[in-house]
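Chemist: Go by the hints and put chain B onto chain A.
Here the protein sequences come in this chain order: A and B.
Going by the UniProt record's numbering, the first residue of the first sequence is number 1, and it counts up by one from there.
Going by the UniProt record's numbering, the first residue of the second sequence is number 1, and it counts up by one from there.
Treat the hints with care, since some could be wrong.
[To be verified] Each computed SDA-like pair below joins lysine to any residue, with the alpha-carbon atoms no more than 20 Å apart:
1) B:K518 to B:F554
2) A:K74 to B:S435
3) B:K547 to A:E77
4) A:K75 to B:V427
5) A:K15 to B:Y433
6) A:K15 to A:E35
If you're looking for bench data, these hints aren't it; they were derived computationally from the structure.
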Amino acid sequence: MADVEATLQRLSNHKGVLGCVVVDKQGKVLRTTCEAAITEQYANLIPDLAELARGTVRDLDPLNDLQFLRIRSKKTEIMVAPRPDFVLMAIQDPKTVET
Amino acid sequence: MSAKPRSSVEVLAAKQERRTTVVSERHARIQRDAPPPGALSRTSSRASSHGGTAPPRAATLVDAAHRVLEADGTDRTPVSLLASQAGPRTGQSVAGTAGMHSSGRSLGASGHFNSQGTGFASALYGSYLTDGGSHAADSTVDTEASVSDTDSLEVSSSSATSDDEDLIYYGEAPAPKPAAARKEKWRRLVVTHEPDEEGSAAESLPADDEPDNEAIDAANTKYQALLQAKQEDPTRWVNAQTQTIAPYTLSVDCQCLPPALQSSECQATIADVSESAAPSEPQQDLEATTAPQTHQQRLEGHMPMLVGAMRPSGADKGFGKRASGTRGQPSTAISRRSMINPRQSFSNDPRRSSDNAGRRMSQRTSEVGRPSAVGRMSRRSMDGKALAKGYAGKQQHYQLVEEVAKNTSPLVGLQGLAEALQLVECVVLQNAYMSRLLRYRDMRPHAQEGGARDLIMSHPPDGPDDVEAVAQATQDVREALAMEGLDKAKEGVGMEVLWRWSCAAAAAMQTQCLTWNKVKTDLLAVGYADKNVNTKSPGHVAVFSLKSPSAPRFDFRTPSSITSMDFSRQNPHLLGVGCFDGSIAVYDVRARQEAPVIVADTLAAGKHRGPVWQVKWVCLGHGWDEVLISVSADGRVTQWSIHKGLQHKDLALLKRTSARSSSASATLSGPGRTAAKQQSLKSTTAQQQQQQSGEPIIARLSGGTSVDFSPLGEPSLYLVATDDGRVHQINTNFADQYIRSYSGHLGPIYRVAWSPFSFPYFLTASADWTLKLWHERQETALLTFPVGQDAVTDVAWSPALGTIFGATTAAGTTEIWDVATSVTQPLCRLSDPVGGADRTTCLSFATEAPVLAVGTSSGEVRVVHLTGLYVDAAEVHQDVQARHLQAAVEENLAATRAAAK
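Chain A extracted, bound-state conformation (with noise of 0.2 Å):
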């Protein structure tokens, strides 16, 4: 449990990222490390498109599963990564580059 603290405190704090939302299987938000007002808009929007996705592959392959999802635009990139119990999001501006 504290690795999983320690990674998500890593991880927010990378040169780029945004933020971390982890939204649970309901819709509710469980953590986040962005303002209120982005993490609800993330939190309300991706998890359906990531079962949009999801289902879509399934569609195609009924063993197979979505284990990733990348959304990248001009000016950000969505990771997420859906699980039976969660929704875990993290925004980065790619462009920042990390020294």
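Modeler: Leaving out everything else, chain B in the frame of chain A:
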């Protein structure tokens, strides 16, 4: 009788005709016929006599309660229908059709006689028992007889006369028709009408080939016989009549609400269908079979862990102390305590029930951040026996769960969160390091991705002349590379730090050694030693990979500082580690455990008495298993095999040779070689030494600092470098003699390395600020490279180009030298711009990437990209490189000689 079927139209027409006649006939018969007392009457007669007068009036379905009496008091009660329903149906039905026919007509229900056929038949037949069951047998017989008798309408009429007593008269009896006509009609009726079992409205006609014609004939014959019998013995026949009318039906409109419908939709994707068909195995953490749980539900599962056996009567301050512990990791602490004091909680209150929930309630939890509140709850539970009972206990159990739920992190119990976080972190880092990772793979990033980093081509600190020299060197290299047909020359030669790997846990340590994995060539293991290293100081091992350019994949602490490591080639997950205190350990990198797979850390197990300066996995023969060779400061070269535990065998003891004897042997060459060799061999024994040089009898061992086995030469031949500046060539089969000794260095040699392309050449790096290139046959160095102003800590050949090698110095510079280019100047040098306090301690070329890993004494590992110095593995031709090296060396030698002359 004739059973000739006729067309349905004709039949119908005939039937219509008959109906009218039969009805009238029946009326007549009713009036005329009086059944004899006790005798059965026949349906036909009864029906026919009955029909005419009685149509509109309702007939009573007479039962025992009702008695029908005639005017003179005779009992004419028709017997209940049900009494003789067992009568022969076939006959009844056949004959009954006629009766049906007529009675149906009489009731005004024309065309439906079939449907009522059987019922009526039974009704008609059944009612003709005047004496109840006594005549049942007779009735059956008689009815059959009557059925077969078709020609006995006269009979029936005659018997009908005797049946008049039982008749119920309704009005005027019709005049009887002539018997013959009646008979004819009966026959036709019997013949042409087949009762349909189904009761369909339409007449069912016997087909031409229908087998039932015989049955009909038989039935008719029987009826004829019956009629005959009736005629003969009229006393046995009683005529009676009955009429059954269908009960009145009322048509009623009713309305009811439609059934409540609920429409629900369900969508099934291919995945759902396949899943339901074949339940997926509960495998990876991605496929969860549990329903999504709320935080509380998850905690329910963890409750026993969180609320373990506790000390019962501790004050709250005790809890406060414990509560300050990790909130999210209750299990280990609690379970340990529970093991210590499992029973103590009950001693205080023996009245408490042993109910599980109650027991939990009597204990206190420490992992909740608010122990006082919880303590209050559990104290309440101790007050009364009632509370310890199941229900209340459960109640408080749930309350406790809520309390805990409020206080622990909501991330507890989420399956797969750790892995998901790691994955996300890798991806995030990949994004951040994208351009550099591309450079690692020797790919130019796109211009719009933030631009390529500029080459750091650092100048040697000496001055502008050297700049030119370096430029010239660059030019030479370009030409050289162009000769080989490579296109990399235009980039120039350069070194560029891509990123720095550092391990947070080993931040205060120095990087002592590093080694790339032999199979997964992007995996780097780094060994850390304490800065003030001694036998007690701990060490650290970290494994880095390309997936996380900032933090190690995993790392662990070791009991002693690491001095050397090597990945095995045969078992790529095994990492052999030599420590400062002399112990050898083999770790399994896959298992990610802190404990080594096998370790030899006691003297009995063969532990070295000094730091193990180098370990190396070597395959000593074709098809043999790899063994771990270690060389240490106690002068032993030991071979460790991992078949059963870690078994060691000393390969050699490095006896200290005196300078004189070794130099004597060094100067000899040519035919006197063997003699010199023998002499040098002799000189290694203590006696000889004593004789020759007057040194003490006890042969001293010199500490070995480096060992190398050539991949090209004989597998049993190896080189050992010692800390007194000598290199010895030893054969594993002859462990007590040096085959050759090479001397020339003035200080301890830190590394010896065979050339991977050309067998006879090897390099040594020494503390006397020089690198030397040797030929295996010659005991003095061929070439000497003045590296700098400080000790050369490590040297390594490039795996791609035969004339290139890299060296690190204690001054913190990393240099790339090219034998073909220059013997006095490095091709390229990289110094740390930050500060000079860092020593670069070790380096290693990556085999499949143009990258160099350099370890520094500040605990970080620099990943340096080499431009222009890399050739794809497929393009490396060993012989070509060997020739280049040889040519280069000879050229240099010639130049040196020429210069000397």
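Chemist: For each hint, tell me whether it holds in the structure or not.
Modeler: Now the hints, each set against the structure:
1. B:K518 to B:F554: Since the Cα atoms of K518 of chain B and F554 of chain B sit roughly 18 Å apart, the hinted pair holds (cutoff 20 Å).
2. A:K74 to B:S435: Holds - the C-alpha atoms of S435 of chain B and K74 of chain A are around 17 Å apart, at most 20 Å.
3. B:K547 to A:E77: Roughly 18 Å separates the two Cα atoms, so the pair holds.
4. A:K75 to B:V427: holds, 17 Å
5. A:K15 to B:Y433: holds, 11 Å
6. A:K15 to A:E35: holds, 17 Å
Of the numbered hints given earlier, the model fails none.
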